[in-house]
Amino acid sequence: MKVVEVPHSGYPEFTIDPEGYAEKFEEVERNTGSLPAMALLTHVDYRYGNVADAAAVGKICKEYGVPFLLNTAYSSGIMPIEGKKLGVDFLCASGHKSWAASSPMGILATTFEWNQQVFDKSTIRGDWSGRGFTKKEVALFGCSPVFGVPVMTLMASFPSVVERVKHWDEQVENARYLATQLERIEGFHQMGVKPTEHTLVAFESLPLFEAAAKTKKRGYFLYHELKKRKIIGIQPGMSKSFKLNTFGLSRVQIEYVANAFIEIARKYEIPVEDEA
Amino acid sequence: MKYTELTKQFRQFFELPLTPVAVKFNSDNEPNIPHPMRYCEIVRKAAAFGTSYTCSADDMSCASAELALGFVEPAYGDVYPRVKPANTEKMTVEPLDKCEFEPDVVVVVGTASKLMRVAATLSKVKGDMVNARFKGEFAVCGECTTIPVMENKVNLSLLCAGARMFSDYRNDEIVFGFPMEAFVELTESLKEESITKALCGCLMDDLPARLVEAILALGFTKGTDHFLGRFGDEIVRLYIPKDESGKSSSITLHVPVKFKDADNAKGSKDVASCMFEEPMNYRLRDNWVDVILLIDLHEPIRRAAMKTEKFNALVNNGIEVMLDRVVKFKRKTTQ
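Chains A and E, in that order, are what the protein sequence lines are.
Numbering follows this note's numbering, with no gaps: position 192 of the first sequence is 192.
Take any residue in the second sequence, note its place counting from 1, add 276, and you have its number in this note's numbering.
Do not rely on the hints blindly, as some may be mistaken.
[As the list claims (entries may be wrong)] In silico DMTMM-like cross-links for lysine to aspartate or glutamate, where the CA-CA straight-line distance does not exceed 20 Å: (1) K606/E <-> D562/E; (2) K518/E <-> E13/A; (3) K2/A <-> E520/E; (4) K24/A <-> D519/E; (5) K534/E <-> E273/A; (6) K523/E <-> E27/A; (7) K606/E <-> E82/A; (8) K518/E <-> E273/A; (9) K536/E <-> E186/A; (10) K2/A <-> E29/A; (11) K536/E <-> E275/A.
These are computed hints drawn from the structure, not numbers from a lab.
Same shape as in the complex, but just chain A:
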């Protein structure tokens, strides 16, 4: 399989321009004589939480007749997604990432047209017995761990998911609030699109890295300082940059997290701006 990538915009936003897909389709056609077999877009990137313009990419894919797969690992399940509106042919998701289900579990959704091909059942018949094997779901072979508890946890998450996606805007507001608060600390800077359009946010925090050099726990000090304040989730060892996801936290909890960071900054004599 040969993969051609659509470049991102680079530091500090790292965004994807949908027009890049059209350019790459034409480049592939020029070089190989045919269009790509499929276009893939990661709806929300795992690093900076940028929400790509899936509808624009879907439109371009329709124009060129290239099947479009949208990876919604960090979007469906927490924010409203309508495959039809986005013009996707395939939509995949991780049950254990944004669907409140256990792993290993995923979702693959497709259109009626593709359904016939992708989820086609076996059609073989023995030449001697004449017995037909027509019920085997070939596409689902090899996934036995998902049958049972994981699929039940996914099904159990549906009502909660239906409810929580209605509050996506509030969740994003909370993330923006946190970014504003953390950026009061000298050297803190939210990377990716600003203001953030997602609850996954990445920060640079060089002053914490500098403070880490003076502590016994070195880069792990941030993890321990947060843990002392009953905040977990930051990857141990991270201090000069880190990412966090505010999804599911109430505004009060977000304020608590923001205050914790500010308290840690002050403890290590990192300047903090007064609140506006």
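Use these hints to put chain E onto chain A, whose structure you have.
This is chain E only, laid out in the frame that chain A set:
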């Protein structure tokens, strides 16, 4: 067992189906081999089936191995490699994880693709190329046992016709021979992040080590997809953009300046764009304005970084220009 954990760590890291084999010259064990065999056959059996054999000269069915391993002195002229003086009376060959003695040599059998990873890691540990000496004869015995023990060097062998024909070595298998200390050093280094991290496929791995070192030496530290460092009163970011074909021949320096709100930032950005000439750029991001300086290297960055003095001068000069412009920008605008 003394080496169970070490063996497990080595095999797991390099995903080796066969066990490393411990070899001891003149061990205390008594010969127990059921019938004469080739030395290379004994080694492969130990690696694949976990057999432990001690053999004497009488148990060797390959004259080359007898010579190379020092069971006999050559009758005419000399051969290379061989154990000198030929004082070997017996040898014990057994899987490293079961071994209770201190081995002289560890022999690792694996496919070329697996041992390629061993070579890459070994090269990082030693900070040098892997120098192999082989000629397709006296392979497991001479090249992978005698050379490590006599010259205290790790050696790689493409095997010999006898090993492939009579001793069950697969077509895609090759062999590494390690002096015991070198094997221990390599395996223990697998715990070190600096050695193994470079194999993990992180984004920074796309950059040549020499380039990363050159940038770190300037006072930057690694960020996520970029470098950052404190210069004067500012934190400067260094990013290596790629052109449409994925090549890099420039760097950009960034200092994000924060404003009270988005309107203030927009007004300041407009002022800055009118006020300052090229090569500065100002990009609005909500209530921040990114001050950007593009440094064109006019050649691929890998090559540019090799000319240390010129590269350092370019970047340091860029940082000076950047700091100067940021001071002016802040002075002319209301934050």
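Any hints this thing doesn't respect? Which numbers, in order?
7, 8
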